[in-house]
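Protein chains: 4
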Amino acid sequence: MTQTKKVGILGATGTVGQRFILLLADHPIFAIHALGASSRSAGKPYSSAVKWKQNVPIPAHVAGMTVKACVAEEFAECDVVFSGLDADVAGDIEMAFLKADLAVFSNAKNYRRDPAVPLIVPTVNPSHFDLIPYQRTLHNLKKGFIITNANCSTTGLVVPLKALQDAFGPLSQVLVHTQQAISGAGYPGVPSLDILDNIVPYISGEEEKMEWEAAKILGGVSADAKAFEPLSNTVVSATCTRVPVLDGHLESVSVKFANGTPSIEEVYQVLDRYTSEAQALKCHSAPEKPILVTRDADRPQPRLDRELLKGQAVTVGRVRECPVLGIKFVLLLHNTILGAAGSSVLNAEIAVAKGLI
Amino acid sequence: MTQTKKVGILGATGTVGQRFILLLADHPIFAIHALGASSRSAGKPYSSAVKWKQNVPIPAHVAGMTVKACVAEEFAECDVVFSGLDADVAGDIEMAFLKADLAVFSNAKNYRRDPAVPLIVPTVNPSHFDLIPYQRTLHNLKKGFIITNANCSTTGLVVPLKALQDAFGPLSQVLVHTQQAISGAGYPGVPSLDILDNIVPYISGEEEKMEWEAAKILGGVSADAKAFEPLSNTVVSATCTRVPVLDGHLESVSVKFANGTPSIEEVYQVLDRYTSEAQALKCHSAPEKPILVTRDADRPQPRLDRELLKGQAVTVGRVRECPVLGIKFVLLLHNTILGAAGSSVLNAEIAVAKGLI
Amino acid sequence: MTQTKKVGILGATGTVGQRFILLLADHPIFAIHALGASSRSAGKPYSSAVKWKQNVPIPAHVAGMTVKACVAEEFAECDVVFSGLDADVAGDIEMAFLKADLAVFSNAKNYRRDPAVPLIVPTVNPSHFDLIPYQRTLHNLKKGFIITNANCSTTGLVVPLKALQDAFGPLSQVLVHTQQAISGAGYPGVPSLDILDNIVPYISGEEEKMEWEAAKILGGVSADAKAFEPLSNTVVSATCTRVPVLDGHLESVSVKFANGTPSIEEVYQVLDRYTSEAQALKCHSAPEKPILVTRDADRPQPRLDRELLKGQAVTVGRVRECPVLGIKFVLLLHNTILGAAGSSVLNAEIAVAKGLI
Amino acid sequence: MTQTKKVGILGATGTVGQRFILLLADHPIFAIHALGASSRSAGKPYSSAVKWKQNVPIPAHVAGMTVKACVAEEFAECDVVFSGLDADVAGDIEMAFLKADLAVFSNAKNYRRDPAVPLIVPTVNPSHFDLIPYQRTLHNLKKGFIITNANCSTTGLVVPLKALQDAFGPLSQVLVHTQQAISGAGYPGVPSLDILDNIVPYISGEEEKMEWEAAKILGGVSADAKAFEPLSNTVVSATCTRVPVLDGHLESVSVKFANGTPSIEEVYQVLDRYTSEAQALKCHSAPEKPILVTRDADRPQPRLDRELLKGQAVTVGRVRECPVLGIKFVLLLHNTILGAAGSSVLNAEIAVAKGLI
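Protein chains in written order, with our numbering: chain A, 3 to 359; chain B, 3 to 359; chain C, 3 to 359; chain D, 3 to 359.
Looking at chain A on its own, in the form it has when it is part of the complex (with noise of 0.2 Å):
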């Protein structure tokens, strides 16, 4: 049995903050120490503190506790320190805690391009923790370290193209469409007049994160576990639309594979197959299974399918020949869970299972 860990929240009024606290209430390993919010929070309870929006209640044993300042040493005791921070101050905060020696799981875009940052998807490339003692070095670190997870949408596109890629060999070409729910831009976020009886097909810097994350993901770590090596020879297009749906990315993928198209039948078994190191280590938070395949004709829809294994696996459906690219499928995944605070979590869980805290 793992010894219970002392976990930090940063951000923990956000939208990402309040979902952190509901995957950790009752978590077995990993206990909720402290929480981190703006000075205008900081000394209040959480329960004042919060504009809670979640359809169960605050946890009793954290609506009293009193939020912090998000300063590294009011949390020198966290063994984990999971940031749900906007990108606006995360950067300076997180490094920080770096500094301070604490172990940080980012879902903030800042350190996400850093060369010796890992950017984790846990059921994709939990490989790439393989850099953190090189992490260590560079910051004189003794058990401090420093990863982030993906964008939302990144997450959900990543891990089926992984699935694909260890089956078929490299994606020469990925088109997706986003439609993506209003809970990813936080609150007060989207206002309702722009989008009842109607859809944003704009959301700021995201269709660059799609097309440049999915590399570091995919690709690998070198030899000497000192550098990432990003796909270089699959080309991503994405256009990413803001929906009036509450929770759940819904993402219509094409892809062309280098080495051929498989039949849509071995594109399924293959999906419905995956498993990841997460399965493996038998984490808490992991998902049955990374990938959920439905062959119903009208699914995933987000409202029905978004829960589904905890919120952790991805639902694709929809498997079908593209006539310009060769294969196509629909998928979904629950941006608030695996898009973001599940990923960490379980992320987190990976790390405890490798050694890492």
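Read the hints as simulated data drawn from the structure, not as lab findings.
Be a bit skeptical, because a hint or two may be false.
For chains that are exact copies, the list does not tell them apart, and a pair is met inside one copy or across any two.
Taking lysine-lysine pairs in the BS3-like style, the calculated list, with each CA pair at most 25 Å apart, reads [unchecked claim]: (1) Lys-291 x Lys-55; (2) Lys-111 x Lys-55; (3) Lys-144 x Lys-228; (4) Lys-7 x Lys-101.
Guided by the hints, dock chains B, C and D onto chain A, whose structure is given.
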């Protein structure tokens, strides 16, 4: 001044039929003369037979008209017959009307593939009216004929494709993803339990229609005006989804040009300057221009842009490089105006201008 | 430990039937034994017969069960029969089941007004089970009986009314306005074109039901247990509307007390402390308390509060002075749990605890 | 023919300001002369300063106008100043404009309670303009004055109440429940996460406004035209909720008549026949009739009825007996037209017709 033409509307109580009534209520050359619906409605005043779902009242002179059965004798005086019938009954009824030497403008899919029936998007291929003399010969008609308009989502797609093809030569690959409004499914149509806080990534038969209709519409007519010459080298791949939007189909399109990719600015210019025979003929329902270009980063949006230019134009925005195919953009059309009844009315105006009616 | 009871579900493929299956899938004393639906579904495996619209999968042991026709012989082994049948067929079928000496728990309106059929909201008037011996005499039954639960919106209303009436004496006037979720209309139910960006201020028959059902439920049973004694001095006025919400009916209530208006704080206390026989009997599905009081200024809200206490409690908030009637407040209930299947299941648990089954 | 009046719009970039621009763009007697907004917008062309959220483009001649700061000197040439300012800044700015001898028509709540400021719903109490001479005396003005229009939900309520009061004598009790559109909260206003699949049963300050404003509007003016005489015997109780509807407030109303309850048919007749000074003066924006009666069982509905009669009428339906108070009905008004900018414009037209401008 053109003499007023008497028009009949088949399927007058349905969603498309109601739109016909709005478009024709104050029309300068068409006068509503007869309304046809199912036997259940026949004999009733229109206002009793219809579940009117428009946000303006039933035009006063239409409300009291007696609905007729959809039999040709009842429409013998009509110069033009617009059909908003469902596909399950449109086949027989429209054929009977054709054989009665009536001019039928159909929204149904039944005769779209017929080698002697033009499939016309009014701002794209009114030249396909050239086949009418041949069609009349086949059916031994004097003044009657049948033409169809395209599926709503196809209609939006082919307008900018036509502009691009005219300017830059053939398109070898087109990948399109639609987000289609619920009004496209008629009434009662999509159950609210299926679409509130949800997306349905499937519309029966829709993807197939988009993939083949474009080739017929964008192709030419043989020199003897007895056959269509569909494009054979343009491959289309479509993914169609239903979204919680009342009116307005949004489509994300990526295209590959056979002869090299133009610049983004060239594409914007070509779309903006595109004009069609409908404009040249100064048809009443023709929009000022077939394509309305927006350069705002987050447009077009269904709720804000669907009514522009009387709902008869396609709004195109977000033209940008597609790393996979070359150029990508987003378009919007009003699915029950340009995508259905509006196209039919404009097609009929063109037919009048060409002397076919 | 109570012995496991075999249960049948009539109307198993409908919206209420699906909710029954979720509530009973892992029930400690009820085991799903037989599923009944229309002749169109009979003979098929449940998973083929149903259009499953829940956000969790069909329970594995139910998916393969063969659906039966709704005839009593097929349910002869059932200790309990839950009916989610529509009113147009419920009358005959439920009567046939009753005459076959089965214990029927109906959600339909057909027998609610019957002078020998209890209309029971489990956290309000389980005392009305006292009429069962008399009902058995009437129909010459040994173990069978029929009870109904109330209309969904009535159910939410009477729980706090009962608490107030018990504490402060009779209510002379009640004015209630409902905002009812679309799931209350079943599937396909409300067309999306009717409810997106809209409200429908009318639900057929609903206002009448609310206005008379409350009197029977809040009334007593005669001393000889052969008749109900509905309230005669409580006048209810209801306005019912349909809103674009998936689940959860919100009701705004103003009440006038015959014996003088209590203070706001007294009302809060009484609502908070209210408890019922369902709690005393420690029934499995009984919520911790029948009424969940919220003092937040902007609660209850359907999306945030409908799932609290397993959806079996009524959440009440915004208690304040009503300048016209005395006291006003807002309540919320989950219409397909407490408002339908959940009440039935809890009623059956009470019946078991009372030794009636 | 009235001479054209120059008008200024304060808060021109906000939701109400945008509606003013649409209403005034082609107005026969008002010409948009100056636009005022916050210092952040001042100096910019209107099209750059505004986040335009209407479904028609910015009128061409307005798009290029330079936005001014809200200081009186900049509006000195304006015959009429419409204010769509938020309450937090409206108090000081509107007073400064008044003292500069300008005619101010305010939508803000700040001066509604002022004993010398008329609170006018144009189809209800234009007689309150009689206090303007007295107001001018107080402030030592020649041509300036200030009037306010009512809160949107009050506006819809008082129109039928006025008709009923005129016909049947005083109303002793009024109970009203509102379902208010999101556009009433401005932009960005209601976060989508708060209102999709949800209702918020609380709008800060709204219930209080409805409860007192009605008494001032429905009351009279003293014989010396120096004071208002609010109703003292009409008690109003309001419950206000926010719903996922774009435009259009729906209100359910129960009323008690001091002198006995009229029949349903009498109520319908009285509502239908009601007319006001705005009609008598033939004002451009006056609807054909102040109240549009519908006898359809399920109307009025926001999406279908809000635009009728240019959004300047109140639609009333579902008149029926209220078992508690006597009569109940449902009404609908367009909250940003009749409920805000449209009332202001019509008030100004009345003022011109009365020779006050």
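Each hint tested on the structure:
1. Taking the closest pair of Cα atoms, Lys-291 and Lys-55 come within 25 Å of each other only across two copies (23 Å); inside a single copy the shortest separation is 29 Å, beyond that limit.
2. In this assembly of identical chains, Lys-111 and Lys-55 lie within 25 Å of each other by CA distance solely inside one copy; the values are 24 Å within and 30 Å between copies.
3. Taking the closest pair of Cα atoms, Lys-144 and Lys-228 come within 25 Å of each other only inside a single copy of the chain (17 Å); across copies the shortest separation is 80 Å, beyond that limit.
4. Taking the closest pair of Cα atoms, Lys-7 and Lys-101 come within 25 Å of each other only inside a single copy of the chain (20 Å); across copies the shortest separation is 62 Å, beyond that limit.
Hint compliance for this structure: no hint is broken.
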